[in-house]
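Chemist: Chains as they are written, first to last, in full-length UniProt numbering: chain A, 1 to 234; chain B, 1 to 289; chain C, 1 to 300.
Think of the hints as simulated: they come from the structure by calculation, not from any bench.
In this text the structure is predicted, and so the values were computed from the model without any measurement.
The reader is advised that the hints may include incorrect statements.
Okay, derived cross-link-like pairs now, DSSO-like style, lysine-lysine, Cα gap no bigger than 30 angstroms in a straight line [said to hold, decoys possible]:
| hint | chain 1 | residue 1 | chain 2 | residue 2 |
| --- | --- | --- | --- | --- |
| 1 | A | K196 | A | K8 |
| 2 | A | K72 | A | K221 |
| 3 | B | K171 | A | K72 |
| 4 | A | K196 | A | K221 |
| 5 | C | K281 | A | K72 |
| 6 | C | K281 | B | K171 |
| 7 | A | K8 | C | K281 |
| 8 | A | K72 | A | K8 |
Not everything, but these chain C residues come out facing chain B in the computed CB check (under 7 angstroms) [as the list claims (entries may be wrong)]:
| hint | residue |
| --- | --- |
| 9 | L94 |
| 10 | L95 |
| 11 | V107 |
| 12 | D267 |
| 13 | L279 |
The beta-carbon is built from N, C-alpha and C at its ideal position, and this holds for glycine as well.
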Amino acid sequence: MLELNEIKKSFGGVTALASVQLSVDDGEFVSLVGPNGAGKTTLINIITGALRPDGGQVLLDGRPLNRVPAYKRSRHGVVRTFQSPRMFRRLTVRENILASPRVHTGANNEDFDEIVEALQLTGRLDARTDELNVVDRHRIEIARAILMRPSLLLLDEPTAGMAESEARQVIDVISARQSAAGFGILLIEHNFRLVKEVSDRLAVLDFGRLIHTGPPAEVEKNERVLEAYLGKRS
Amino acid sequence: MIEFFYGYSGQLLLTFAILAIAASGWSVIFGTGMFSMAPSATMGIGAYGAAVAYTHWGIPFPIATVIGVVLAAVVSALLSLFAWRLDHLFLGIATLGVAEFLVALAHKTPYVGGSLGMPAGFDATPPVVLITLVIVVFALWLLRRTRLFSAMRAVGDDTLAAQSVGIDTRKMKVIASIVGGVILGVSGALYTFQLGSIIPSNFGFSMIVQIILAVLIGGRDSLFGPVVGAAVVIALPELARLVSVDHSIAYGLALMLIVLLRPQGLIPGGRPRWLRAKSVRAVQAGITS
Amino acid sequence: MSLLIQQLLNGLSTGAIYALIGLGFVLIFGVARVFNGAQGPIVIVGFYLASVVAGLSGGNFWLALLAATAIGAVFGLLLERLAIAPLASKGGGLLVPFLTTLGFGMVLEGIVRTIFSSSPQPFFVEFASESFKIGDVRLGQAQLFVTVFTILLLVALDRMIYSTSWGLSARAVAENASIAGGVGISPVALRIGIVALASALAGTTGALYGLQYAAATPTLGVVLTIKGLLVAVIAGLTSFRGAVLIGLLLGVTEAMVIAFAPAMPADGFAFVILVALLLFKPAGIFGRKLSGTAVGADDR
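Hey, can you work out the whole structure from these sequences and the hints?
Modeler: Okay, here's the thing in structure tokens:
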């Protein structure tokens, strides 16, 4: 279980996150929504240790992570994907997936084949990543993230650039895995329809403030959220 | 046969072999994303360590070489700590600062002979030098088949992504620097015992340029890239001389052309498809190629 | 005490040369985000042409200075076209342009050596050849001239950057090239101008170097590149006045080490300071932090 306690972060005087309080339970599917620049990716960077918060605490299963370096958080199961996928360009697709110590020491062949098949990467395992398009690169990161057996999976716009049907299929693969393994998910996603369907809870971030959390149906009725996120004005 | 090595072409061949070893060593460091501009200094530490052990302490050639290599590995590991804080060219400038400092220090240190340098034996006979090159290339061929090497490349490709999949990037940088440092130290010790004496300016800016140029020309990602690059770097001034062109012009043009026109080097990296990993098990067993 | 003052003066005039080279780095880095590996060799080209012109004109320093400045600008244009412009479209870090400009500088060094051989080239002018003596302190006219002339040059440059519309454009591009492009400033024209200006400055520096030291060799270029790099990085890469101050400080430090700690490597001393600074204050003393340039990616 992930708990964020009053996370604060500013960049050169501009507040990116103002005292964010949020938790993600094991097995829970939480989506982080909000306009561009609301601080969503910053929050993920703080959870993974790529950025240090100015204040506040990140707790995983009650254990503070603030002083744990990024690579160790990943080894503890805090696993992420990137908004624009970051490939190891000198490694093949297979090697990119196996690059994580958590994958090459833990995943078995059957698991590997199943995930790779589900994400339609089977024929491309020996390709170099610069031969692939951005959709496949997202799929590589997702395959690796799942095979890393996360306790918390952080997905930063994993379906960016995908058609609706492709996006739905990828999200389905992820949630099927979640039901089996019971890890928590924090998803950043712009497709509101998709988000509504798969999420247990939505957290709405606006100008670095968490303005609402709750089930999708409830959030949809919140005036402030509609205004901030959906751009509807009454 | 042996007379050949005391002729001009033979000496060139040995100089090539020593540069090829040094370039192979630096390619491991550069391949892990560290643009260190101190390969000459690491090589020099190996050279001076071996020379001091041999001449001042009376230690025989093989053990003196080991002493030089260990010192070089230690210095290289310490230099890699800079790479924890600095990236790219800033790392290059900081390490260049250290390299220039060490050369200036050697000039002023009477114990190592100051500007006049140090004598040593002529124990690195032509066969020793050439066999060492073969051993180094073979060792790197083995290294390239390990998971460790994949992790080092991952760090070189994208440090943040490497961290996010659980690779200890700092540790990888230290390991790569030690591996590279050992190889650079070996080349330095061979340099000492091949020439029979060394001076500080052997390990100055022009050596840095030669090593870096060899790796850039040959290709940093391939096993034979640095070796081929070293051959080009040794051959270039000779060819230039035939047409009365200054060696700096040849090196300068080569540097500009390779960076602008073929940044991956003459022999690009990446394994052909038929050599790539075929199963998860092979990777789990530590073999990725 | 008189030794101290003597070395202070010697150091200041050496430092003036370092300051000029450091300034050239800051100019080019500011606008083009390029570490110019050819800065030192262009100084040397300036020096050699100045020495030839001085020889032909019977020791006319001003003519030599003018010629050195002009050839600096010419090589600046070549440098920009051949080593910097081809990379502009490719983006990519600091390393590649540093290597291409370094290569360009090596070619220059080779050309100079081909024409003049590698032995030291003398520099004779009928100018500022006297020296005064105040107590035990000897002050060469040449030294005094170099220091004062450098200061005037710096003031003029400062004016140019901070008080002209061209300078304003340059600062706009240095701040944010894409926004500057959006408001109608041509970054390409500006880059060409700045590289030519910095290289002209390097040429001038060559003539001043000749006046002060009376001789140089082709390989000196690399040493000057490294010194200039040092000054610019310590100053923080974006600060004009910082580069000047650090240049002077470097010259004085070296002079003091030579006089008072002859067993220490004078060059090495400055490098140690550089390394310590880079590690603990990557943005330099006067610099602002540049996004994505200074701090290591796995800084925890």
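Chemist: Okay, which hints does this one fail, numbers in order?
Modeler: Violated hint (a single one): 2; every other hint is consistent with the structure.
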